[in-house]
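There are 2 protein chains.
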Amino acid sequence: MQINAVIAQGGGPTAVINQSLIGVILKIRESEKIDTLYGAIHGISGIIEEQFINLNNEKLKTLEKVAQTPAAGLLSTRDKPDPKYCERIVNIFKQMNVRYFFYIGGNDSADTLRLLNEYTSTINYDLTCIHIPKTIDNDLVINDHTPGYGSAAKFIAQAFIGINYDNASLTGVYLGILMGRHAGFLTAASAISSKITSGGPHLIYMPERAFVLDDFLRDIEQAYKKNDRCIVAISEGIQNKDGRPVAETLIDMPEFDPHGNMQLDNGDLGSMLSNAIKKDLGVKRIRTDRFGYLQRSFPGCISSVDSREARAVGEKAVEFALKPGRSGSVTIHRVGNYKVKYMLSKLEDIGGKTKSMPDEFINSSGNGVTEKFIDYVMPLIGEAVPDTAVLDGLNILKHDITTS
Amino acid sequence: MQINAVIAQGGGPTAVINQSLIGVILKIRESEKIDTLYGAIHGISGIIEEQFINLNNEKLKTLEKVAQTPAAGLLSTRDKPDPKYCERIVNIFKQMNVRYFFYIGGNDSADTLRLLNEYTSTINYDLTCIHIPKTIDNDLVINDHTPGYGSAAKFIAQAFIGINYDNASLTGVYLGILMGRHAGFLTAASAISSKITSGGPHLIYMPERAFVLDDFLRDIEQAYKKNDRCIVAISEGIQNKDGRPVAETLIDMPEFDPHGNMQLDNGDLGSMLSNAIKKDLGVKRIRTDRFGYLQRSFPGCISSVDSREARAVGEKAVEFALKPGRSGSVTIHRVGNYKVKYMLSKLEDIGGKTKSMPDEFINSSGNGVTEKFIDYVMPLIGEAVPDTAVLDGLNILKHDITTS
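Quick mapping for you: the protein sequence lines, in order, are chains A and B. For the first sequence, counting from 1, position 14 maps to 14 in the numbering used here; every step adds exactly one. Take any residue in the second sequence, note its place counting from 1, add 404, and you have its number in the numbering used here.
Source of the hints: derived by calculation from the structure; they are not laboratory data. Treat each hint with caution, since some may be false.
[As the list claims (entries may be wrong)] Okay, the calculated beta carbon distance ranges per label pair:
id, chain 1, residue 1, chain 2, residue 2, range
1, B, Lys630, A, Asn91, 29 to 35 Å
2, A, Ser304, B, Asp512, 37 to 43 Å
3, B, Ala614, A, Asp375, 32 to 38 Å
4, B, Lys630, A, Arg29, 34 to 40 Å
5, A, Met343, B, Val616, 39 to 45 Å
6, B, Lys630, A, Arg285, 30 to 36 Å
Source: prediction; values computed, not measured. Here a beta-carbon is modelled for each residue, glycine too, at the ideal position from N, C-alpha and C.
Make the full structure from the sequences, and use the hints.
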């Protein structure tokens, strides 16, 4: 009887998630243990709907192009399975004699595999489940970092380099709102621009520190007085000290009354903070950008390191699946400055857990990052971002504060 | 007596505006007619505040790095001069014996030069004013296109390529709101993604056509039914048939009452359109991005053609200033497919005027572009965007409608 495998992709896309997919496909082609590798379309939902494609038939040339295509080549899903869902998956797998299941995703996908693994143990069906990490949020525990983060960080760094010069050109306050509900890694990546340009961002607010509006306004006032401009990076997930989202707390404040004049873009964090700055500091020119979805699937500035590691976790997944042949999650561990090694960690140690920025990466004022974070993040963005410079005759930009 | 020149940059930055600056600086170094070239800091405001730097002193190595740095290397301004302001500028110029003034900017900057030129004629002060075009909006008349547009178009094209795969992965409706109050060129550039991926954007709305909410909802319904997803690019400047901004008209509608439940992000076009789609079509997953400022100064994906032409208009400006030696605006004209030639046009023909998308570039339904526009825009983005592909086994993306 043929022994088969299934691969699927779950959760939000990244710019390099397909490198992992192609890593698995090509590595399996080298093995004689697995006959056919099927791709499930739209994650685990493609399994229960029996939407499969035979990946043995894909041409190498196409695969290498898919590898450098952002977002999920097999399409994705947000489905979270319950025990019934697991049962249906395993029933399909039994019919197809699927003995290996590779799932590329974040901590939700790892948790799906944990559930599936528990279920197959109870019914004595031999299924090796391998979780392959990806997430731009960089919030998987045990991992030094996750595939997808390096490229998103590079996009953010480049964007803030551009914003730094743009904001110097026309001055004023700039607020950039970045993804990340619980972990500030993406927002912190903006600091790469200060490192490279010795300009902005001048202030960085991450969800790991309680946000105090008054401190925020004083920080901006101080930076603005010093530089006649101020660039701020803010996580959309910032919360007050009681753990309430800041956007929600601002609506409650008298000056943000939904029927009053101050209210603009009800519920929109950027607009509300912008209004507060206008009112409190009297700064006229304030620009706000919400980075949104661009950073997770932009094909133009992929990190070479991220790309290489995303391919490697796919290859390693197949190696671990065949030997030792037990279920688990491929994890990335940093060795020196800069190499990585890959290990197989337990699914229950990854699934459903969230990593935050460690204290040593956040400055004592809670409004910026440390040099340690810069040392951590720089190797992940790969080759340097484009070289930029200021005219020697122009001292203006040199008065900038740094974030450390 | 020494003969001197001044250069300044005005208006919103672009990714290649400094190529023009460096083009002027290096070309003037070849000439013996001009002794010192001064850079005015923050556009014309730097002239009246006598904030100059001597550009003769800048090192070649720095200049070449500045050339590839986005945004205004000499910093910028939004100042629009009145006759008094002009008088003050010319008084400073007289003291410094400035006989050539180069101003890199859009139609406002051209208009500033026209004013200045008129004033110097009346007082018989010999000043050659050369306008050097730049604007991501691509809205200068006479010009086939303007430096800055190609790089912004490339950023938008790459972003939509990423969005195309992202939206295919998790399906739903995606709305991308792009800059452009009067001209739809930037929004139209999203169509490059449909050309390359044969995916989205499926619908494009430009300010050149009156926006009708009901038609918009029917368009999306149709596209969504066909593809189970829909990507839409919308100019922030869209207006109804009476010329009122759409965001304003939506607030007036009963379902967008500022005190009602439907109201969210008061005044924010993307949120209001998103609510209308949710209510009318019952689509659950709708994502909205406002591209904002990223597209105009992102250093990572500059068009090589745009970069080269931006340098050339700076060089040509110096050539035109010295021979024939009259004031004017450097304009770009397309010859064949694809070359350009540069001419000196009259300041009054450029200043304060705005070009829109010609009819032949917009489809008959007013919700997309034509092949003619694609033929027009493709050469401007330079080298091709990164190669992407879909797995051969995956037919899903192939059902996409095209926008033509």
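Hint check:
no.: 1; hint: B/Lys630 <-> A/Asn91: 29 to 35 Å; result: holds, 33 Å
no.: 2; hint: A/Ser304 <-> B/Asp512: 37 to 43 Å; result: holds, 41 Å
no.: 3; hint: B/Ala614 <-> A/Asp375: 32 to 38 Å; result: violated, 55 Å
no.: 4; hint: B/Lys630 <-> A/Arg29: 34 to 40 Å; result: holds, 36 Å
no.: 5; hint: A/Met343 <-> B/Val616: 39 to 45 Å; result: violated, 58 Å
no.: 6; hint: B/Lys630 <-> A/Arg285: 30 to 36 Å; result: violated, 44 Å
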